[in-house]
Amino acid sequence: MAMIEIERLVKRFGAFTAVDGVGFSVERGTVLGFLGPNGAGKSTTMKMITGFLPPSSGRIRISGFDVAARPLEAKRRIGYLPEGAPAYADMTPRAFLDFIADVRGLTGADRRRKLDEAIARIDLGPVLEQPIDTLSKGFKRRVGLAQAILHDPEVLILDEPTDGLDPNQKHAVRTLIKGMAATKAIIISTHILEEVEAVCTRSLIIARGKVLAEGEPLPEDAGWRFGTLEAAPGRLDAVFRQITTGQSSSDQSAELAA
Amino acid sequence: MMNGTLAIFRRELAGYFATPVAFVFIIIFLLLNGIFTFYVGGLFERGQADLRPFFMFHPWLYLLLMPAIGMRLWAEERRSGSIELLLTLPVGLFDVVVGKFLAAWCFTAIALALTFPVWLTVSFLGHPDQGVILAGYLGSLLMAGGYLAICACLSAATRNQVVAFVVGVVVCLLFTVSGTPIVLDLVSAWAPHTLVQAIASFSFLTRFESIVQGVIDLRDLIYFASLIAFWLFANAVVVELRKAG
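Chains A and B, in that order, give the protein sequences.
The first sequence begins at 1 in this note's numbering and counts up by one.
The second sequence begins at 1001 in this note's numbering and counts up by one.
These aren't lab readings, by the way, just hints derived from the structure by calculation.
Don't take every hint at face value.
With a Cα cut of at most 25 Å, we get these calculated SDA-like pairs of lysine to any residue [to be verified]:
#, chain 1, residue 1, chain 2, residue 2
1, B, K1243, B, T1121
2, A, K114, A, K178
3, A, K114, B, N1003
4, B, K1243, A, S57
5, A, K210, A, A172
6, B, K1243, B, T1158
7, A, K170, A, L218
8, B, K1243, A, G246
9, B, K1243, A, F13
10, B, K1243, A, Q242
11, B, K1243, B, F1233
12, A, K210, A, E220
13, A, K170, A, A238
14, A, K114, B, P1117
15, B, K1243, A, G58
16, A, K184, B, P1090
17, A, K137, B, F1038
18, A, K114, B, R1010
19, B, K1243, A, R76
20, A, K137, B, E1076
21, A, K114, A, D98
22, B, K1243, A, S56
23, B, K1243, A, K114
Okay, the calculated bits of chain A under chain B, using three or more residues with CB under 8 Å as the criterion [stated by the list, open to error]:
#, segment
24, 75-82
25, 85-91
26, 101-107
Here are the in silico distance ranges between beta carbons for each label pair [unchecked claim]:
#, chain 1, residue 1, chain 2, residue 2, range
27, B, G1131, A, A109, 57 to 63 Å
28, B, I1182, A, P37, 55 to 61 Å
29, B, S1226, A, N168, 56 to 62 Å
30, A, G21, B, L1032, 54 to 60 Å
31, A, G21, B, I1182, 53 to 59 Å
32, A, D152, B, I1110, 35 to 41 Å
33, A, G29, B, I1027, 53 to 59 Å
34, B, V1170, A, A68, 36 to 42 Å
35, A, P167, B, R1079, 29 to 35 Å
Each residue gets a CB set at the ideal place from its N, CA and C atoms; glycine is no exception.
All chains, please: the whole structure from these sequences, using the hints.
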């Protein structure tokens, strides 16, 4: 059974359709990358999967639990890093994680172990007692990640997990995601193409609320295949532009030249 | 379910004390109470051992101070985006609403309890009716809860705390004075008698005054309890409707 199942998901805001019939499923062991331009509907889709926004139509199941019908069961199984990694600025990371552990009903030895594990994995030790307010962007993001993985969820939804991080921090977060991939179903959103190559085992290119293409890595690190289009390692950008703008890169350079 | 409400209650209550909010609020609350009770209300000059001059000003104090407490409850979550985190945790929306409200109410109760020196003064100087004083405190707390529930709901409607504060003061004012000529004169000219009476019955002032005199009418208690319940329910509805924006 797929851990995330999504059928014909639609979200309208007034006359604007942010998500328009998106459907896919994610198995355990998969890191699915949402790739798309800003405003493509990636975040809105994630907000619906995590039960923050109700869909206009369509259906979402997390480990078999319908998000609309059994929201608490679904939410228990999800770890979520919202866009921008919001947290409570006045709290210290330790108090914040304690709060999350409280809400998630963790108790006793299991609670201590999970807290220690998340703190160690994300390497939050040095800033545990400083107000989140005073932390650097990288550490704020890591606090958000620690919160998301705290209860060792089956499903992880990470909205731009490496946005605003420096190259070393990006590398650390990607290593972390890859390290957890085997036992979880993970969705990350990004507009950084190299990130897809670095961590994802599958990718959806999303634009204007629709899934335009689905991609997989080719065997032996030979790049990625999106439908009929193939991209050499490190050359995803041409394929991405072609899919999202409907123009091949040679068209575009011709346009620029003209 | 209780887990979530309790965790949110604790986080919120600790939040007041993690920032200067708690100390500023409590000091101002006590200072204003002192000024009103002893100078404006003339507690000593009256020569009576009771706390009427103390309680008399509570509706007006709360009118300003409860919106100050309530304005950040939801507006702040929406502004910082933490609302998205909060509402994707495995807690029901109403449990969150109740947890936040109870924390704010409990904080108010702490501030109110710290007025005990006024009670000690009166008890030391004379023999006040302790039952009436207890009723006054209970009524004051209930009324504060009413104001808070109103402000919590309004706070959910905006991400701007200043807007939440100003609208909170205005709506609280309407509920405070709806039994006085300020509102009734406006309405009685054209509205049917029953409507005028209905509006008058919303008045915090009228109900609170009778409680402070030691008259605990079950209807007044039910009024405040159902008012709180109504606004908390509205709070949940507003959060649900507005969270996308």
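Using the C-beta atoms of G21/A and L1032/B, is the stated range 54 to 60 Å upheld?
-> Hint holds: Cβ distance 58 Å, inside 54 to 60 Å.
In this structure, is the beta-carbon distance linking S1226/B and N168/A contained in 56 to 62 Å?
-> Check passed, 58 Å falls within 56 to 62 Å.
Assess, step by step, whether the Cα of K1243/B is no farther than 25 Å from the Cα of Q242/A, and give holds or violated.
-> At roughly 35 Å apart (the allowed maximum being 25 Å), Q242/A and K1243/B break the hint.
Are at least 3 residues of the segment 85-91 of chain A within less than 8 Å of chain B when you compare beta carbons?
-> holds (count 6)
State, for the Cβ atoms of V1170/B and A68/A, whether the hinted interval 36 to 42 Å holds or is violated.
-> 37 Å, holds
Regarding the pair K114/A and P1117/B, is the alpha-carbon distance no greater than 25 Å?
-> Distance of about 47 Å is beyond 25 Å: violated.
Given the proposed pairing of K1243/B with F1233/B, does the C-alpha separation stay at or below 25 Å?
-> 16 Å, holds
Given pair status - E220/A, K210/A, alpha carbons within 25 Å | 30 Å, violated
Counting residues of the segment 75-82 of chain A whose CB is closer than 8 Å to a CB in chain B, do you get three or more?
-> Satisfied; 5 residues make the cut.
Distance restraint between K170/A and L218/A, which requires alpha-carbon spacing of 25 Å or less = 24 Å, holds
Could you check the hint for me, namely that G29/A and I1027/B are 53 to 59 Å apart, CB to CB?
-> 57 Å, holds
Decide if the proposed pair is consistent with the structure: K1243/B and F13/A, CA atoms, cutoff 25 Å inclusive.
-> This hinted pair holds, its Cα atoms lying about 12 Å apart.
Comparing the model with each numbered hint stated earlier shows that hints 1, 5, 8, 10, 12, 14, 17, 23, 27 do not hold.
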